[in-house]
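Peer 1: Letter by letter, the chains look like this.
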Amino acid sequence: MKWRKSAAVAAAALTAAGVLAGCGSSDSGSGSGSGSGGKVDLSYWLWDANQQPGYQKCADAFTAANPNISVTVKQYGWDDYWSSITTGLVSGTAPDVFTNHASYFPTFVDKHQILPIDDEQVDLSAYRAGLPELWVGTDGKRYGLPKDNGLVGLYANAGLLEKAGKTAADLANLTWNPTDGGTFEQLIAHLTVDKAGKRGDEAGFDKTKVEVYGLGLNGAGDGSGESIWAQYALSNGWTYYSGSTSKPVFNYNDPKFTDTMKWFRGLSDKGFMPSLKVASSGIGMQASYGAGKYAMTTDGVWSAKSYFELKDVKTTIAPLPTGPAGRQSTTNALGDAVTATTKHPAEAKKLLVFLGGKDCQSIVAKEGVVLPAITSAIEEAKATFKTNGIDIQPFLEPKTSIEPVVPNWADAMAIFKPAMEAFLNGQTQADSFVGVNDQINALYK
Amino acid sequence: MTLTSTARRLRRPMFRERRRETWYAIAFVAPAAIGFVVFYLFPAIRGVWLSFTDYDLFSSGEFVGGANYAQIVDDKVFWNALLVTAEYVVVNIGLQTAVALLMAVLMQRLAKSLVIRGILLVPYMVSGVVVALLWQWLLDYQIGIVNNALDFVGLPRQSFFGDPALAILTVAFINVWKSMGYTALLLFAGLQAIPKDVYEAAAIDGASEAKAFWRVSLPLLRPVLALVLIVSLIGSFQIFDTIAVTTKGGPVNATRVIYYYIYDLAFNRYDFGYASAIALVLFAILLGVTLIQLRLTRANKSDLA
Numbered sequence: 001m002k003w004r005k006s007a008a009v010a011a012a013a014l015t016a017a018g019v020l021a022g023c024g025s026s027d028s029g030s031g032s033g034s035g036s037g038g039k040v041d042l043s044y045w046l047w048d049a050n051q052q053p054g055y056q057k058c059a060d061a062f063t064a065a066n067p068n069i070s071v072t073v074k075q076y077g078w079d080d081y082w083s084s085i086t087t088g089l090v091s092g093t094a095p096d097v098f099t100n101h102a103s104y105f106p107t108f109v110d111k112h113q114i115l116p117i118d119d120e121q122v123d124l125s126a127y128r129a130g131l132p133e134l135w136v137g138t139d140g141k142r143y144g145l146p147k148d149n150g151l152v153g154l155y156a157n158a159g160l161l162e163k164a165g166k167t168a169a170d171l172a173n174l175t176w177n178p179t180d181g182g183t184f185e186q187l188i189a190h191l192t193v194d195k196a197g198k199r200g201d202e203a204g205f206d207k208t209k210v211e212v213y214g215l216g217l218n219g220a221g222d223g224s225g226e227s228i229w230a231q232y233a234l235s236n237g238w239t240y241y242s243g244s245t246s247k248p249v250f251n252y253n254d255p256k257f258t259d260t261m262k263w264f265r266g267l268s269d270k271g272f273m274p275s276l277k278v279a280s281s282g283i284g285m286q287a288s289y290g291a292g293k294y295a296m297t298t299d300g301v302w303s304a305k306s307y308f309e310l311k312d313v314k315t316t317i318a319p320l321p322t323g324p325a326g327r328q329s330t331t332n333a334l335g336d337a338v339t340a341t342t343k344h345p346a347e348a349k350k351l352l353v354f355l356g357g358k359d360c361q362s363i364v365a366k367e368g369v370v371l372p373a374i375t376s377a378i379e380e381a382k383a384t385f386k387t388n389g390i391d392i393q394p395f396l397e398p399k400t401s402i403e404p405v406v407p408n409w410a411d412a413m414a415i416f417k418p419a420m421e422a423f424l425n426g427q428t429q430a431d432s433f434v435g436v437n438d439q440i441n442a443l444y445k
Numbered sequence: 001m002t003l004t005s006t007a008r009r010l011r012r013p014m015f016r017e018r019r020r021e022t023w024y025a026i027a028f029v030a031p032a033a034i035g036f037v038v039f040y041l042f043p044a045i046r047g048v049w050l051s052f053t054d055y056d057l058f059s060s061g062e063f064v065g066g067a068n069y070a071q072i073v074d075d076k077v078f079w080n081a082l083l084v085t086a087e088y089v090v091v092n093i094g095l096q097t098a099v100a101l102l103m104a105v106l107m108q109r110l111a112k113s114l115v116i117r118g119i120l121l122v123p124y125m126v127s128g129v130v131v132a133l134l135w136q137w138l139l140d141y142q143i144g145i146v147n148n149a150l151d152f153v154g155l156p157r158q159s160f161f162g163d164p165a166l167a168i169l170t171v172a173f174i175n176v177w178k179s180m181g182y183t184a185l186l187l188f189a190g191l192q193a194i195p196k197d198v199y200e201a202a203a204i205d206g207a208s209e210a211k212a213f214w215r216v217s218l219p220l221l222r223p224v225l226a227l228v229l230i231v232s233l234i235g236s237f238q239i240f241d242t243i244a245v246t247t248k249g250g251p252v253n254a255t256r257v258i259y260y261y262i263y264d265l266a267f268n269r270y271d272f273g274y275a276s277a278i279a280l281v282l283f284a285i286l287l288g289v290t291l292i293q294l295r296l297t298r299a300n301k302s303d304l305a
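Order-wise, the sequence lines are chains B and E. Numbering of the first sequence is given in UniProt numbering, commencing with residue 1 and proceeding in unit increments. Numbering of the second sequence is given in UniProt numbering, commencing with residue 1 and proceeding in unit increments.
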């Protein structure tokens with residue numbers, strides 16, 4: 001920090017003297033730092049407090065390998081994080097490198113706020129197939145590397161399973177279809193219990209007085225439906241969009257999607273899953289699950305650790321059910337980005353590549369918080385999870401689809417989210433998605 | 001300022017005294033004035049300019065004329081937001097003023113203990129985010145204590161935040177709970193300012209406690225009540241934190257109040273130009289409401305005079 005401040009003072013003095021004419025702008029090259037023997041201090045931001053210890057170790061390892069570059073790691077809560085990043089990019093106080101999210105990525109590329117890293121040497125085949133494409137912008141340039149692999153699985157309350165006479169083995173080969181929900185829906189029904197103790201698949205079950213829901217609901221979700229409804233729509237053979245990432249044509253009007261959504265809302269109508277009204281009126285899905293009110297939930301591997309830290313509930317993880325088009329999960333990966341405002345682009349890119357690379361990801365894997373995207377670290381992560389009593393193999397079973405990473409996502413979601421909430425609340429019918437889809441696609445014309 | 005030092009020296013001491021007072025006055029006003037200009041006036045003027053551009057934070061923005069304002073006319077979400085905000089303000093201010101007035105009278109006539117008077121202020125001391133989180137726990141559909149109590153006495157559970165018909169009322173109630181103590185304190189101060197002999201006169205004339213309240217306290221409290229109403233009304237229009245923490249504008253658009261909509265447009269969708277235009281429309285509305293209120297309540301005149 002000190003170094004940078006004195007550099008700024010020096011720069012100001014030079015400007016005053018009027019000798020700056022002809023000097024390149026800060027992003028024309030590394031300029032300062034390497035070579036000149038000066039020390040460079042980089043700042044790195046992330047929002048996930050659970051991952052901070054791992055990345056602090058990575059930062060230390062990076063400095064050990066590059067003694068002239070130190071790294072300050074800072075963590076902010078999700079909302080603060082993004083307002084600090086965006087305002088920082090304007091005012092010049094943004095970090096050099098930060099953890100990026102797919103929903104913000106296209107905007108940053110579009111507005112030239114982050115730097116491409118195409119000049120760095122990276123072996124993309126080291127990552128789980130499909131994930132590196134996430135961080136290629138609509139201009140075809142690469143801006144980051146995938147770090148984790150955000151797969152989805154089925155979490156089940158082991159105690160409630162046992163009471164229902166089911167074992168973990170009963171969850172291993174569930175099937176699903178949009179018509180009757182398959183063995184997956186049968187299981188959900190069986191795990192649902194009303195106040196009188198009647199199960200959802202028994203005669204006399206009172207759906208207005210449910211004590212334990214077979215499946216939890218984590219809100220309506222955005223257009224990616226990650227961990228909420230996407231796995232069913234995808235395993236029904238649906239795809240998010242056709243066309244390119246810069247000009248996507250979304251498929252929310254596809255019967256494969258609307259049929260899935262009808263089935264999904266049907267779970268609430270039958271009393272097997274809380275209605276959106278109930279689910280969105282409280283603290284959150286995990287709190288209700290932890291209180292034994294949900295027998296199962298669908299959630300990401302990134303939540304595994306917190307599920308197993310719940311005191312009153314013992315959890316079993318199972319793979320998602322197999323649909324007409326096979327077992328399908330969404331996947332998503334975080335990746336880092338170098339800001340366009342950094343004064344040390346060369347060092348910042350070096351840090352980005354290090355954080356996404358083998359050595360750092362091996363450190364992250366040993367923290368047992370997320371599943372790394374780099375294949376070499378997957379076994380290490382599995383072993384760490386295992387020592388914490390968590391078997392994450394079920395997450396790796398489905399085929400994966402990458403969530404949409406397209407421009408104007410926030411505008412598209414301003415249309416989609418209220419529509420999905422209205423549908424799940426029963427205010428509209430599934431055919432309303434046809435109009436919604438037209439509105440969203442109009443954004444990309 | 002333009003006087004020369006010679007001229008200043010020729011002034012009589014009294015004038016010099018007055019000049020010094022002017023400087024003192026400036027010194028005292030300056031901190032607030034500088035803050036006002038830098039943090040309010042300048043951004044406000046810039047906001048007016050931005051409302052005529054398509055500024056998106058990352059580029060300087062092009063002048064687009066009245067396009068943003070034209071867009072407002074057809075924006076259903078905006079009109080809905082205005083309606084939701086109005087609903088919130090009416091419930092929030094109506095309930096809050098009534099409860100606070102009752103509390104103020106009770107404070108004056110019954111609860112003379114400083115401790116009890118202090119306790120009434122506690123919710124106001126807690127940050128808005130914490131209050132919102134607290135009620136989110138209390139009102140949880142399945143594990144919240146309120147719903148379990150409802151269930152215990154045989155009433156149906158309510159999805160306070162998830163039901164479109166209840167969500168905005170819930171938010172309004174939370175903020176009544178938070179601010180009623182503070183509002184009561186302001187009204188209480190107003191009540192204290194009413195001379196005792198007016199009440200004595202009323203008592204001699206045979207006025208009951210209720211009659212004294214309606215015929216003496218309320219009319220004499222009017223200027224304070226008017227001020228409290230205006231201040232809390234403007235504050236009420238600015239409802240944001242509770243919604244940002246609990247419902248985030250949902251379900252559907254049931255709690256998408258105007259401030260949350262502006263925030264969403266600016267900081268999530270980077271449409272600062274359009275967000276500024278809406279902010280200015282809100283400014284015009286607030287200005288109008290305040291002027292009407294001042295006129296109706298004759299806040300600058302006291303019946304005690």
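The hints are simulated quantities; they were obtained by calculation from the structure and are not laboratory data. Computed from a predicted model, the values in this text were never measured in an experiment. Glycine included, each C-beta is placed from N, C-alpha and C at the ideal position. A portion of the hints provided could be inaccurate.
[As the list claims (entries may be wrong)] Label-pair ranges, simulated between beta-carbon atoms:
#, chain 1, residue 1, chain 2, residue 2, range
1, E, L287, B, P324, 56 to 62 Å
2, E, G35, B, K39, 56 to 62 Å
3, B, K198, E, T290, 46 to 52 Å
4, E, V29, B, A65, 32 to 38 Å
5, B, G243, E, W79, 52 to 58 Å
6, B, D312, E, I292, 28 to 34 Å
7, E, V29, B, T93, 29 to 35 Å
8, E, L287, B, G266, 46 to 52 Å
9, E, V129, B, K74, 18 to 24 Å
10, E, K196, B, K74, 55 to 61 Å
11, B, K262, E, L155, 50 to 56 Å
[Said to hold, decoys possible] No farther apart than 25 Å at their CA atoms in a straight line, the calculated lysine to any residue pairs in the SDA-like style are these:
#, chain 1, residue 1, chain 2, residue 2
12, B, K417, E, L166
13, E, K76, B, I415
14, B, K74, E, I143
15, B, K314, E, N268
16, B, K141, E, A279
17, B, K270, E, K76
18, B, K417, E, F36
Peer 1: Compare the structure with each hint and give your call.
Peer 2: Quick rundown of the hints versus the structure:
A beta carbon spacing of about 60 Å between L287 (chain E) and P324 (chain B) agrees with the range 56 to 62 Å that was offered as a hint. For G35 (chain E) and K39 (chain B), the Cβ-Cβ distance of about 38 Å falls outside the hinted range of 56 to 62 Å, so the restraint is violated. The hinted window of 46 to 52 Å between K198 (chain B) and T290 (chain E) is violated, with their beta carbons roughly 59 Å apart. A C-beta distance of roughly 57 Å is found between V29 (chain E) and A65 (chain B), which places it outside the suggested range of 32 to 38 Å.
With their beta carbons about 34 Å apart, G243 (chain B) and W79 (chain E) fall outside the hinted range of 52 to 58 Å. The given range of 28 to 34 Å is broken by D312 (chain B) and I292 (chain E), whose C-beta atoms sit roughly 56 Å from each other. Hint check: V29 (chain E) to T93 (chain B), Cβ distance near 31 Å, so the stated range 29 to 35 Å holds. For L287 (chain E) and G266 (chain B), the Cβ-Cβ distance of about 50 Å falls inside the hinted range of 46 to 52 Å, so the restraint holds.
The hinted range of 18 to 24 Å is satisfied by V129 (chain E) and K74 (chain B), whose Cβ atoms lie roughly 21 Å apart. A hinted range of 55 to 61 Å holds for the C-beta pair K196 (chain E) and K74 (chain B), which are about 60 Å apart. A beta carbon spacing of about 32 Å between K262 (chain B) and L155 (chain E) contradicts the range 50 to 56 Å that was offered as a hint. Only pairs whose Cα atoms come within 25 Å are accepted, and K417 (chain B) paired with L166 (chain E) is accepted, the gap being roughly 19 Å.
Proximity of K76 (chain E) to I415 (chain B) is assessed by CA-CA distance (about 12 Å); at most 25 Å being required, the pair is judged to hold. As the CA atoms of K74 (chain B) and I143 (chain E) are separated by approximately 35 Å, the hinted pair breaks the 25 Å bound. Annotation: proposed proximity of K314 (chain B) to N268 (chain E) is violated, straight-line Cα distance about 38 Å (limit 25 Å). As the CA atoms of K141 (chain B) and A279 (chain E) are separated by approximately 38 Å, the hinted pair breaks the 25 Å bound.
Proximity of K270 (chain B) to K76 (chain E) is assessed by CA-CA distance (about 34 Å); at most 25 Å being required, the pair is judged violated. The suggested pairing of K417 (chain B) with F36 (chain E) is violated, with an alpha-carbon distance near 39 Å, which exceeds 25 Å.
Comparing the model with each earlier hint shows violations of hints 2, 3, 4, 5, 6, 11, 14, 15, 16, 17, 18; every other hint is respected.
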